Amino acid sequence: MSLIAAKIAITPALMWAVSAAARRWGSLVGGLLSGLPLTSAPISIYLALEQGETFAADAAVGSAEGLGAVTLCYLAYVVCAPRMGPVAALCAALSAFVLGGLVLHGLIRPGLWLAAAIDLPAMALVVALCPPPAGPAPAGARPIPPRWDMPARLAAATALVLLVSNLAPYLGSGLSGLLAPIPIISWPLIAFARFQDGVRASLDVVRGSAQGAFGVLAFYGCVHLSLGQTGLVTAYAVPIAVSAACVLPWLIVGRRRRAKRSAAPRPA
Numbered sequence: 001m002s003l004i005a006a007k008i009a010i011t012p013a014l015m016w017a018v019s020a021a022a023r024r025w026g027s028l029v030g031g032l033l034s035g036l037p038l039t040s041a042p043i044s045i046y047l048a049l050e051q052g053e054t055f056a057a058d059a060a061v062g063s064a065e066g067l068g069a070v071t072l073c074y075l076a077y078v079v080c081a082p083r084m085g086p087v088a089a090l091c092a093a094l095s096a097f098v099l100g101g102l103v104l105h106g107l108i109r110p111g112l113w114l115a116a117a118i119d120l121p122a123m124a125l126v127v128a129l130c131p132p133p134a135g136p137a138p139a140g141a142r143p144i145p146p147r148w149d150m151p152a153r154l155a156a157a158t159a160l161v162l163l164v165s166n167l168a169p170y171l172g173s174g175l176s177g178l179l180a181p182i183p184i185i186s187w188p189l190i191a192f193a194r195f196q197d198g199v200r201a202s203l204d205v206v207r208g209s210a211q212g213a214f215g216v217l218a219f220y221g222c223v224h225l226s227l228g229q230t231g232l233v234t235a236y237a238v239p240i241a242v243s244a245a246c247v248l249p250w251l252i253v254g255r256r257r258r259a260k261r262s263a264a265p266r267p268a
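The sequence shown begins at 1 in this note's numbering and counts up by one.
Hints are computed from structural coordinates only; laboratory data are not their basis.
Possibly wrong hints are sitting among the right ones.
Label pairs and their calculated CB-CB ranges [unchecked claim]:
1) I8 - L94: 16 to 26 angstroms
2) G111 - A245: 18 to 28 angstroms
3) A13 - A241: 20 to 30 angstroms
4) A244 - A124: 14 to 24 angstroms
5) A128 - R83: 12 to 22 angstroms
6) M84 - P132: 14 to 24 angstroms
7) V79 - L49: 33 to 43 angstroms
8) G198 - R147: 20 to 30 angstroms
9) P249 - V79: 20 to 30 angstroms
10) P121 - V253: 13 to 23 angstroms
11) R23 - I108: 36 to 46 angstroms
Quick caveat, the model's predicted, so the values are computed rather than measured.
The beta-carbon is built from N, C-alpha and C at its ideal position, and this holds for glycine as well.
Full structure from sequences and hints, please.
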């Protein structure tokens with residue numbers, strides 16, 4: 001199966017699963033799951049299979065740089081969302097992503113470790129600036145999504161996948177890696193949360209995505225170090241496990257908070 005076919009097949013299923021999780025457990029959990037390397041891991045695997053392990057290892061460095069642009073996008077949205085309308089805030093966030101990519105990859109090219117030193121405090125800042133998670137609203141308080149809601153989410157995510165897939169083979173390892181962490185799942189999730197549930201719900205998605213980005217960064221670092229040093233299966237199994245381990249504490253804390261919130265007495 002080609003890279004394009006794999007991404008077209010995988011992305012709608014992942015988008016559906018994350019959207020269902022967001023409806024069931026709240027926008028924070030949906031954002032956290034969307035922040036995992038759910039699409040960038042398959043991209044990296046197929047780059048290794050089709051272009052070679054050296055290409056994929058170099059692309060992981062570009063992905064770490066691209067993650068800084070993604071984090072700048074989240075930061076711009078956190079700042080703009082309470083002050084702007086949904087379209088203006090989303091456009092500002094996308095503009096920040098483009099600017100971050102041009103600066104980090106086009107001008108600075110910090111490499112893996114300097115990129116990590118930039119990404120980590122930036123991700124922590126996004127988490128700190130987001131308000132505490134609101135949690136899922138009571139069933140009767142949430143608007144019923146229209147019929148076109150889920151198909152539109154799947155179409156939006158898949159359209160972005162097609163764009164990245166068509167460009168990646170022609171851009172080399174650096175730019176291919178830079179495009180890999182584009183949040184093709186969390187961006188539609190943020191947009192639909194904003195239009196359907198308001199600013200607070202969309203910021204919950206951003207908060208979860210920034211928390212998940214810690215695991216994504218760990219994945220890229222482990223992939224860069226593992227490829228060429230061990231078998232291909234191990235070179236990806238270990239980074240995926242490390243990424244999940246980085247995200248697990250956030251899920252545990254979120255579950256405890258939801259349990260406390262559910263156990264708290266409701267005002268009469």
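For each hint, the structure was consulted:
Distance hint check for I8 and L94: the Cβ-Cβ separation is about 22 angstroms, which falls inside the suggested range of 16 to 26 angstroms. Between G111 and A245 the CB atoms are about 25 angstroms apart, so this pair conforms to the stated range of 18 to 28 angstroms. For A13 and A241, the Cβ-Cβ distance of about 21 angstroms falls inside the hinted range of 20 to 30 angstroms, so the restraint holds. For the hinted restraint 14 to 24 angstroms between A244 and A124, the CB-CB distance of approximately 20 angstroms keeps it satisfied.
Between A128 and R83 the C-beta distance comes to about 18 angstroms, which sits within the given range of 12 to 22 angstroms. Checked against the hint of 14 to 24 angstroms, the C-beta distance between M84 and P132 comes to roughly 22 angstroms, which is consistent with it. About 40 angstroms separates the C-beta atoms of V79 and L49, a value consistent with the hinted range of 33 to 43 angstroms. A beta carbon spacing of about 21 angstroms between G198 and R147 agrees with the range 20 to 30 angstroms that was offered as a hint.
Distance hint for P249 and V79: a CB-CB separation of about 26 angstroms, consistent with the stated range 20 to 30 angstroms. Roughly 20 angstroms separates the CB atoms of P121 and V253, a value that falls within the hinted 13 to 23 angstroms. A C-beta distance of roughly 40 angstroms is found between R23 and I108, which places it inside the suggested range of 36 to 46 angstroms.
When each numbered hint is compared with the structure, no violation occurs for any of them.
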